[in-house]
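J.: Relying on the hints, combine the two individually framed chains into one complex.
Chain order of the listed sequences is A and B.
The first sequence begins at 1 in the numbering used here and counts up by one.
The second sequence begins at 1 in the numbering used here and counts up by one.
No wet-lab data here; the hints were simulated from the structure.
Honestly, I wouldn't trust all of these hints.
No more than 20 Å apart at the CA atoms, straight line, and that leaves these computed lysine to any residue pairs for SDA-like [what the hints assert, rightly or not]: (1) B/K33 x A/D128; (2) A/K7 x B/F127; (3) B/K191 x B/I123; (4) A/K7 x B/G141; (5) A/K7 x A/K225; (6) B/K191 x B/V213; (7) A/K7 x B/K191; (8) A/K7 x B/V213; (9) A/K216 x A/E198; (10) A/K7 x B/F138; (11) A/K7 x A/F22; (12) B/K33 x A/Q123; (13) B/K33 x A/W118; (14) B/K33 x A/N124; (15) A/K7 x B/M136; (16) B/K33 x A/S133; (17) B/K33 x A/P126; (18) A/K7 x B/D140; (19) B/K189 x B/A171; (20) A/K225 x A/L267; (21) B/K33 x A/K7; (22) B/K33 x A/Y129; (23) A/K7 x B/K189; (24) A/K225 x A/W298; (25) B/K189 x B/F127; (26) B/K33 x B/K191; (27) A/K52 x A/Q62.
What you are looking at is a predicted structure, and each value in this text was computed from that prediction instead of being measured.
Here is what each chain is made of, one letter per residue.
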Amino acid sequence: MLNYSLKRLASAIPTLFLLITFAFFLIRIAPGGPFDGERALPPDIEANLAAKYHLDEPLPMQYLRYLWQIVRLDFGPSFHYLDWTVNDLIAQGAPVSFTLGGLALLLALAIGIPIGAWAALRQNRPGDYAVMSIAMVGISIPNFVVAPLLILLFAISLGWLPAGGWEFSPSRMVLPVITLALPMIAYIARITRGSMIEVLRSSFIRTARAKGLPEKEILFNHALKPALLPVISYLGPAAAGILTGSVVVERIFTIPGIGSYFVQGALNRDYTLVMGVVILYGILIILFNYLVDLIYAWLDPRIRYDDQEAGA
Amino acid sequence: MNESERDAFDQALDTRVIQGRSLWVDAWHRLLKNRAALASLLVLVVMVALVIIGPMMSDWDHEIPDWDNYSTPPSLETGHLFGTDALGRDLFVRTLIGGRISLLVGIVATLVSLLIGISYGAIAGYFGGRVDNLMMRFVDGIYAMPFMFFVIVLMVIFGRNIFLIFVAIGAVNWLDMARIVRGQTLSLKNKPFVEAARACGATEMQIIRRHIVPNLLGVVIVYVTLTIPQVILIESFLSFLGLGVQEPLTSWGALVNEGAQELETAPWSLLFPAGFLAATLFAFNFLGDGLRDALDPKDRV
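Here chain B stands alone, though its shape is the one from the complex (with noise of 0.2 Å):
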């Protein structure tokens, strides 16, 4: 066989030997045909870009008063974009710290329950029997608590630290979590492919791995594009109590709870903020439906 008839027969051989394509390929590919979740992936990187980067492409500060201007409306004048507040702070500065409070606080504490979750439930799930019972009774007992309650309580007693925030909005928003991967580790562990895994000689380590892993992935990455958004909310919710972060630093809970009281005399003091606020978590609300219709293909209609 010379080379140019290899060629040709490899050529021939490509086209029938389709390659076969992991779950995360077809999700992507999935995800790629969902247009609104993909706008709000788009959405999402370019406000992460832009709360990174904008405060330095500022010539305002946080913290530190414009004299001349207080309380004046967006104007290019001026160089505030979105306006100043009543202190004659830039908002547009504000905004967008605030913002990196706001999507560091969603992600840390998302991260935090996620640890406490994927533990609780994955050892739960793996063990069964007695020790699961017990351990689900007790997140079924907690789970009917008024627990935005305690964590006001908590932030009372114990301080406003943002470190606090992560560990207490953490600790509140595990339970969903260990609920779903123990349901999710409980049906995998008897699932016939991990049955046939074993019968192939796979150790457990391999099994875990291959088997339970990936298909544990894609609820977790699921559930954490829904739970950000949440956490976001709860920690907004403090802010605007007073409950949250403190000056001089602020939050998008907290310019809302500014804005919203000179409301009359500077709506544009509420606006923006609020603005940024729903456009993130409706992003993030959109890029979750999305991806579990991606990476759920049995909710497919």
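Isolated chain A, as found in the complex (with noise of 0.2 Å):
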């Protein structure tokens, strides 16, 4: 399992300097500098403030520093907003956006997984299509029409929620999780269906049923395990759609959360904080991906093993 997991973490790097060879350069071909204002700066201080962020240096030495920079996570300043480091405002934004993704992640585990299994057990019966074609709907809809939907209903014509801000307070918190988890609740319920109903139909389940457990058992101890592997396969784009579906819920509910700055720093043409943020994005997705590699080798040994005797 160690030999596993290290295996996993080595292919890992590859994709990460990819990706911050990808952020550096694409920073590179963007027109215009850092200092460019509405007046020219006198050349003397041009000078002087490319030599302090190293601007002056050939490209390659530039790259190496920016890695260097990367390996120790320091993003460098804003280019827009003064005084700011990227760390800062990362620091900042962070602790919101996460809480926000964690609570959706685990609100579509919870409603997701019972759902789908539910619709399993009751394959093709109305039941079954009626919460598939729901389930249906929620990936249809996109969550920046649910989110004002939602204010619609809740905050302006219930008045029961508030329509933006944040706080750490359930009341603010609701409509967003509620946002950012519903399509996340369809993928998994359907995803929980078809694989629950592949394994239902499975020898090994036959053999519970004939040796006359009882079917609570059968479902819960043997049923949703295997069934259940599919499902955290899902969790690595799931990451990503939390990521990029935080963006539309924190501008559309004034969360000052990572993704509301990405948005901001964006048409600022604040490059620096839009590729930390792009980094840190990516990083967070290789990790989750590497994470749910190992979760999944430690549910189903055989690809361990599987892989062992490949690399032998």
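T.: And the structure:
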């Protein structure tokens, strides 16, 4: 298992490297420098600024410096918010975004799995069709449509919940978390249903039934664990989905998280901030995929044995 | 054997020798039985027709405001079926024009991703071995990246150009296609029926045309139906953030963005574009699901 986890980690490093390289050269080809203001700066000042930020060095040198910077998780100064480093901005937004995303993910798992399993047990019956149609609606309606509708209903018409803003209180978190979780609930329900149907048809379930185990025990002790494997492998894409979704949700509900900084940074052409967020997101996604691989290998020993055999 | 006898004989023969049904006829019959998929197909046909013809039939233009009606609700009296936006522009026409852009982006960007994905996947699958390994490692590598964000960065750096949207989204979306096509090619290459064809003396071209391509096509069609809504969604997402299509042109995402800002005073400006967008995505997803069931019999229960 340790062997396997190290091997996986080693394969994540080239990806990370590719990401940072791509990010670096994307900034470089961007037209306009960070110090292009309304008025041209005097040449001396510009030279001093360039020297301070090492922009006068040759490109390979700058690239190495950037790599070293990222290794130390230093994303440099923001080009737009003076006196702020990108790290400061991220440190401010991250707790908010992570709370939001984490809660949404938990909610999605807590609702999606039971719904999917329930539908699987009623395969091709009205209950199944109803649930799966609703899930399809959940997948089809984008979250930037869901969010205003939820605001219209719960904040404006009914007046139960605030329409936006952020503090760590349930009433402010309910709508954003639900918005973020809805499409994930739908996906998880669909995946669980599909794999559950497959598992229920397999021979070891028939054996369990044949030896007279109670249905409840078959479901919870035998069927559920293998049926959850595809759900776990969905968590990687789900993490990416949360990050993308949080951009929209934070904007609509005016939540000061990383996502809203990202959009603001993109509109302000604050390249260091934007690339900092992209790299951070990339690291998160790679990390999440890595964890998913580990959980998967832990749950299903065939994977790590197969891998070892292939490697030998 | 006289004429009538021969007819009777032919008829008897007809009933006995059943015409073999091709994969496609079979799939079509299965699709016809799937009411949800059929309804979705109908919705999409109507939607495309409406989007093409609708703006021509209307008295209003998507750019020119109606000076007498700002933010008026839908009514037959004013002639604005979906009402007007804050600048007095007719929402019916704007929704349909937005639909043109959204559908166009969906189709063109999907074709771009199709082109890249099929070539890449087919090459990797066909050559196999080390080339395949290297090419797929690369795909795995960029798969793990937050590509949505790279698209946003690209839009910011290179300006908000509609052709860039096509290319950027297409360039992001080819990864899945490449994986699917590669896997399919790899498994088809070694199937007994390909071997049998080869043993019968079929040429390489004949094998590709008669056996590989038709078998790829099913998966590709299903995947295209499921990619188009994804792409429409990405474009809407960009437009919603103000990074997509620019005025005076519009798209469903841009309209939803405008509508969301006038939610309290003019809910119709959100509801109509959002409804069209959701209906289209819904129909594409359902059709894709139906096609998958129709073309991939092994998944049938």
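J.: Would you mind marking each hint as holding or not holding in the structure?
T.: Hint by hint, here is what the structure shows:
1. B/K33 x A/D128: With a Cα-Cα distance of about 19 Å, the restraint between B/K33 and A/D128 holds, given a limit of 20 Å.
2. A/K7 x B/F127: violated (27 Å)
3. B/K191 x B/I123: holds (18 Å)
4. A/K7 x B/G141: Status holds; Cα separation ~15 Å.
5. A/K7 x A/K225: Violated, because 25 Å separates the two Cα atoms, which is more than 20 Å.
6. B/K191 x B/V213: holds (14 Å)
7. A/K7 x B/K191: Distance ~33 Å between A/K7 and B/K191 Cα, so the pair is violated.
8. A/K7 x B/V213: Outside the cut-off at roughly 37 Å; violated.
9. A/K216 x A/E198: holds (18 Å)
10. A/K7 x B/F138: Holds. A/K7 to B/F138 sits at ~17 Å (cutoff 20 Å).
11. A/K7 x A/F22: The given pair, whose Cα atoms are some 24 Å apart, is violated under the 20 Å limit.
12. B/K33 x A/Q123: Satisfied, since the Cα-Cα distance of roughly 18 Å is no more than 20 Å.
13. B/K33 x A/W118: violated (26 Å)
14. B/K33 x A/N124: Roughly 15 Å separates the two Cα atoms, so the pair holds.
15. A/K7 x B/M136: Distance ~18 Å between A/K7 and B/M136 Cα, so the pair holds.
16. B/K33 x A/S133: With Cα atoms ~17 Å apart, B/K33 and A/S133 stay inside 20 Å; holds.
17. B/K33 x A/P126: holds (17 Å)
18. A/K7 x B/D140: holds (15 Å)
19. B/K189 x B/A171: violated (27 Å)
20. A/K225 x A/L267: Violated, because 45 Å separates the two Cα atoms, which is more than 20 Å.
21. B/K33 x A/K7: At roughly 49 Å apart (the allowed maximum being 20 Å), A/K7 and B/K33 break the hint.
22. B/K33 x A/Y129: holds (16 Å)
23. A/K7 x B/K189: violated (31 Å)
24. A/K225 x A/W298: Holds. A/K225 to A/W298 sits at ~12 Å (cutoff 20 Å).
25. B/K189 x B/F127: holds (10 Å)
26. B/K33 x B/K191: With Cα atoms ~30 Å apart, B/K33 and B/K191 exceed 20 Å; violated.
27. A/K52 x A/Q62: Distance ~12 Å between A/K52 and A/Q62 Cα, so the pair holds.
Hint check: violations occur at hints 2, 5, 7, 8, 11, 13, 19, 20, 21, 23, 26; the rest are consistent with the structure.
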